[in-house]
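Enquirer: With chain H held as given, fit chain U onto it using these hints.
Number of protein chains: 2
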Amino acid sequence: MSDDTGAAPIAHPDAAGVLSIDAMGGDHGPDAIVAGLALAVKTNPAMRFIVHGDEAVLSAAIARRPGLADHCTVRHAPDVVAMTDKPSQVMRTGKNTSMWSAVDAVHSGEATVCVSCGNTGALMGVSMVCLRKLPGINRPAIAILWPSRNPSGFNVMLDVGADIRADPDDLIQYALMGMSYARNGLGIDRPRVGLLNVGTEENKGRSELREAHDRIEMLAADNGFEFVGFVEGGDIPGDRVDVIVTDGFTGNVALKTGEGTALFVRDMLGEAFRATPLSKMAALLAMSSLKRLSKRIDPRRVNGGVFLGLNGTVVKSHGSADETGVAAAVGLAWNLSKSGFSDRLRARVAAATATLGDTE
Amino acid sequence: MSDDTGAAPIAHPDAAGVLSIDAMGGDHGPDAIVAGLALAVKTNPAMRFIVHGDEAVLSAAIARRPGLADHCTVRHAPDVVAMTDKPSQVMRTGKNTSMWSAVDAVHSGEATVCVSCGNTGALMGVSMVCLRKLPGINRPAIAILWPSRNPSGFNVMLDVGADIRADPDDLIQYALMGMSYARNGLGIDRPRVGLLNVGTEENKGRSELREAHDRIEMLAADNGFEFVGFVEGGDIPGDRVDVIVTDGFTGNVALKTGEGTALFVRDMLGEAFRATPLSKMAALLAMSSLKRLSKRIDPRRVNGGVFLGLNGTVVKSHGSADETGVAAAVGLAWNLSKSGFSDRLRARVAAATATLGDTE
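In the order they appear, the protein sequences are chains H and U. Its first residue numbered 1, the first sequence is counted upward by one per residue in UniProt numbering. Its first residue numbered 1, the second sequence is counted upward by one per residue in UniProt numbering.
In short, the hints are calculated from the structure, not lab data. Incorrect hints may have been included.
Below 25 Å or equal to it, Euclidean Cα-Cα: the simulated BS3-like pairs (lysine-lysine) are [said to hold, decoys possible]:
1) K95/H / K133/H
2) K42/H / K291/H
3) K295/U / K133/H
4) K42/U / K338/U
5) K291/H / K280/U
6) K291/H / K295/U
7) K280/H / K295/U
Bound-form chain H, shown alone (with noise of 0.2 Å):
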């Protein structure tokens, strides 16, 4: 992974390796949570967990897994969020929280990066309150990664739903984000970056996004990128771009159409090898291949939103997540804590946030 600003990371020195996690969200309770946390740790033994909630019921979902308890320091939180609870109510009485708990430890630099199964808009709500905006961010983002046809398997694509508007500004923040996070969590050291519109011209679409469109194409240069102007829904599975910036509105109805979309194929899918006894006897044989597509169309192994523009690093993984995708968004925040991602992003913007005063 390339140096993103040479800035040196600034996190407290002990916080290095480890990482803050919300075990009380999720549909699934601790105990799979916690069932993630050790498969993680299978992959990465240096990993160590601050994990938040109930003292009583955590300790004893770790002593279950052998060998656990030796990377987990539990934090006692009594009150969990509910997924139906709102998130104005969540900031302001939610101090007791396990989710305040765990995105806390990131202010306070015990961890570098907070991982949560919760209610996406509480986890923001707290993540704002707690961790505040980056200077010269206006409206923070949720980055997510999407199977493409990339070389590294996927692209970036955001806001995918942390604030429903974006104004050129915002969507030339996320441009920025977009791009460290993908020189940071994918490793490509001059990401393509792409606006996503109706079409390619350079006349189509809202007057904000040709606004966007130009004054990202002068920041391209001066911060490592590559532009390659509008591209269209079609692109975000595709290869043309490793980074597709929207507003949050937009990103998140094409995130839910392309998962509902591939989930409607996997079922199709399904059914044609249930028709009859020789598709029956085919599904058998390509066993060994279907599970590697499914592998690699699966959304719990790129399970994890990443909230961007805050002090800190906040990964949302999916509510429904069992064991497999808490282990892939704890591997993410994992890799993100590695490569000191929230001090290159802070510089990056930083340094940006100048270029633009300058240009403007």
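Expert: Frame of chain H, contents of chain U only:
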């Protein structure tokens, strides 16, 4: 199919069963389009066409298909709209194009529905100039059929790109037009209509969506449809809803994301089957089942965006449509022609516009 409004069709009586075909648009040239007509006639021998374009070329192409000449009247048009032509330019100077001639035959009442594979923007522009918007309609929309888990096999989504903006009035009109299309095109008596958003809670999303939500809800009972409220991207290929209403920017991104994802999964599946000798054998065994799947999700089978909100119906086929795709678009045009869709839609919009006037 149920009667939509009880209004009698008012089109030119000789036009019944006559489709107007722009035979010069499309990436594969007039031969592919004429081949598509020949294919469509096999299913519906009552079809009659007015075929617009270069008379010498078209007469020769038609003569090569045994029996097809009996179904066709060729109308000479010397010019062709190119895929790269600007809509505004075509609207000013395109009177001698095959596209203009084809749309004009609907305006003059010689044909009921027009089909073109040409440039979408130009086709919408020419359609607006020739046919004019229906009274009460501010922004016409493009509606498409989307493969879904519903018994009919499809959902209707609109707008997918006629306009990049939609205010609450437009979204309400889209709901009514989409509902009428689902009733006449898919034969669904009481379509379920949903409004695309980033969550299903009533307090979610942009203010114009919340306003449209409440106003569509008020119209549902009197207009014979069910309003399911907000739906998400994952519902587009789902079975919760028959008609998905959204603005043309979001709809276009969703459409292309869905197509791109389906294509990506299909290609990965092909790779999986080519991976090992065993999986190659499996592919042979499962051939017929996979072909059925492939047909179910083949975009060519649902080829045809329908322009709604004009005085007459225009079907836009994919530019890259081959004969199968052209035949599908022509088949769709035929069904809409037979159901008297243009007149039913006109009456539906007129009745609802009167109701809207009452409730405002």
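Enquirer: Determine for every hint whether it applies to the structure shown.
Expert: Consistency of the hints with the structure:
1. K95/H / K133/H: Since the Cα atoms of K95/H and K133/H sit roughly 19 Å apart, the hinted pair holds (cutoff 25 Å).
2. K42/H / K291/H: Given pair K42/H, K291/H holds - Cα atoms ~22 Å apart, limit 25 Å.
3. K295/U / K133/H: Given pair K295/U, K133/H is violated - Cα atoms ~49 Å apart, limit 25 Å.
4. K42/U / K338/U: holds, 17 Å
5. K291/H / K280/U: Roughly 15 Å between the alpha carbons, so the hint for K291/H and K280/U holds.
6. K291/H / K295/U: OK: K291/H and K295/U at ~23 Å, within 25 Å.
7. K280/H / K295/U: holds, 19 Å
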